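*Asks:* As they're listed, the protein sequences go chains V and U. Numbering-wise (the numbering used here), the first sequence opens with residue 1 and increments by one. Numbering-wise (the numbering used here), the second sequence opens with residue 1 and increments by one.
No wet-lab data here; the hints were simulated from the structure. Just so we're clear, the structure is a prediction, and the values are computed from it rather than from any experiment. We treat Cβ as the ideally placed atom computed from N, Cα and C, and that holds for glycine. Check before you lean on any hint, since a few could be wrong.
To be verified - Just a few of them, taken from the derived set where beta-carbon distance is under 7 Å, the chain U residues facing chain V:
#1 T95
#2 P98
#3 V140
Okay, here's what each chain looks like letter by letter:
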Amino acid sequence: MTAIEDATLKLDPEEARRVRQERLERIGKWVLPLAIMVLAIWLWDRICVWNEIPQYILPRPGVVLQTLHSDAGLLFSSLLVTLRITFLSLLLAVIGGVGLAVLFAQSKWVEMSFFPFAIVLQVTPIVAIFPLINIYVNNQTVKLLLCAWIVAFFPILSNTTLGLNSVDRNLRDLFKLNGATRWQQLRYLRLPAAMPYFLGGLKIAGGLSLIGAVVAEFVAGAQGQSSGLASRIIEAGYRLNAPRLFAALILISLTGILIFLVLSLVSHLILRRWHESALKQER
Amino acid sequence: MIQEKVAQKAASGEAPMLLSLRNVGKVFSNGVTALSKVDLAIREGDFLSLLGPSGCGKSTALRLIAGLSTQTSGQLDWRGPVDRSNIGFVFQEPTLLPWASVFDNVWLPLRLKGVARAKAEPTVMEMLSRVHLTGFENAVPRELSGGMKMRVSIARAMVTKPRILLMDEPFAALDEITRFKLNNDLLELWQDERFTVVFVTHSVFESVFLSSRVVVMAARPGRVFSELTVDAPYPRDEVFRTSPDYAALCRQASDVLVNAINSTAGPHHDGH
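Take these sequences, add in the hints, and give me the full structure.
*Replies:* Now the structure itself:
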């Protein structure tokens with residue numbers, strides 16, 4: 001008998017039930033969504049077969065998978081184009097969002113004066129702004145970047161601003177007592193304190209920058225000026241090439257999921273030692 | 001026993017003056033008079049407690065001394081040049097940087113003065129051993145108990161070797177056992193280093209146990225009501241805590257405090 005079994009024996013029935021429940025939850029967390037996903041794909045396949053739906057309207061999952069493989073060269077080179085815009089715009093969103101937040105944090109007046117501009121940029125649909133950008137900007141990449149950036153920077157800006165402003169009052173006094181300069185206060189107190197907020201914003205911005213990139217490509221792609229995944233979708237739509245359309249779609253959503261997972265991991269690694277959100281609940 | 005003499009000297013008023021508050025008043029922008037005509041003499045090596053009900057301005061007085069706030073009338077006279085590095089402050093909560101290790105938290109005041117990590121290390125490590133936290137330098141605050149966090153906070157306040165240590169009800173949130181232990185350790189530290197302490201508390205027992213002088217304050221408006229000299233010798237330990245002398249001194253202080261509370265005009269509330 002191992003020590004673990006020994007310990008289980010000593011648990012009262014209620015505690016044992018709780019442990020069992022936890023173990024079940026741990027397994028279920030992975031198995032359940034997977035099972036549902038498999039079921040949904042199977043159902044999709046069956047519906048195609050039962051109703052004899054033509055491939056150019058709804059292709060069977062197997063066909064989509066085949067297309068993903070046979071068109072891999074085309075699709076993945078397009079994916080790279082989209083990814084490049086996505087990551088560049090996310091990078092710019094981080095620089096712009098954090099930079100502006102730090103600027104806003106210097107003075108309430110600056111924040112009050114300029115925050116409305118940020119909101120205007122945020123609430124105006126990017127599709128409506130794009131024609132203007134199209135007129136004013138020549139470079140194709142810059143066009144797309146600008147679009148994706150406008151969509152992605154706001155959550156970072158607003159979250160980081162909130163974080164920079166929510167520093168413990170006593171800690172502020174402590175820094176004042178020790179004669180900290182403005183820069184030191186920012187570097188050692190406000191920026192680290194804003195980190196959890198920033199990372200929350202980053203997770204949202206990661207998804208948004210992909211959306212921004214795809215939407216921008218759509219608008220640009222309609223004019224045949226883009227080679228990203230969105231233009232592959234448009235093109236496939238015109239040609240009634242539904243399998244490729246689906247394959248591109250799947251690539252985009254997989255990319256989105258991957259971005260979210262990576263950013264969640266980064267956030268977890270940075271916060272795991274000290275922030276409530278990243279700590280396991282102990283009982 | 002030399003230390004004992006110094007303590008007695010401080011208590012008897014022979015030690016040089018460090019700071020005197022003269023006719024100090026503080027009115028907040030909302031019209032509340034937090035302090036009115038406060039006179040207070042703090043001598044080198046004093047362990048002075050400000051004891052009083054809530055709203056008597058003890059914390060406000062502490063913040064004035066720290067320079068975190070300015071008086072609206074009267075003046076503070078420091079003997080000799082004083083800058084903020086001469087002042088250590090311990091808040092009611094540990095007030096640590098949650099993302100930084102114990103070492104980094106204690107290093108912080110030195111770091112802000114531009115002292116590099118390697119250069120600060122001996123001082124920081126020594127301070128940590130003084131508060132019995134050797135071996136915890138890499139832990140983050142989250143991993144420490146309430147009492148240990150407070151020790152970090154004290155180490156941080158002491159790392160710059162301040163002339164005066166200001167403490168704002170530092171142990172109020174701790175359980176009694178931890179509190180007693182921290183009281184003992186604080187006294188030990190004080191006797192070794194001979195800095196001046198101004199200790200804000202609403203506990204009669206704590207103030208009598210720790211201090212050489214207890215200043216009792218009254219509320220509305222916040223003012224100095226009376227002053228007691230606790231002439232029990234240092235070092236004080238658990239023997240003192242259970243002695244009749246201590247009990248008598250506590251009763252005396254308690255009576256003064258009751259008078260101070262009763263002297264407050266208007267309705268008073270029961271919270272601390």
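*Asks:* Let me know if the C-beta of U:V140 comes in closer than 7 Å to any C-beta of chain V, holds or violated.
*Replies:* Holds - the Cβ of U:V140 comes within 7 Å of chain V, reaching about 5 Å at its closest.
*Asks:* Hint check: is the beta carbon of U:T95 less than 7 Å from a beta carbon of chain V?
*Replies:* Cβ of U:T95 sits 4 Å from chain V, so the hint holds.
*Asks:* Any CB of chain V closer than 7 Å to the CB of U:P98?
*Replies:* At 5 Å from the nearest chain V Cβ, U:P98 passes the 7 Å test, so the hint holds.
No hint from the list above goes unmet by this structure.
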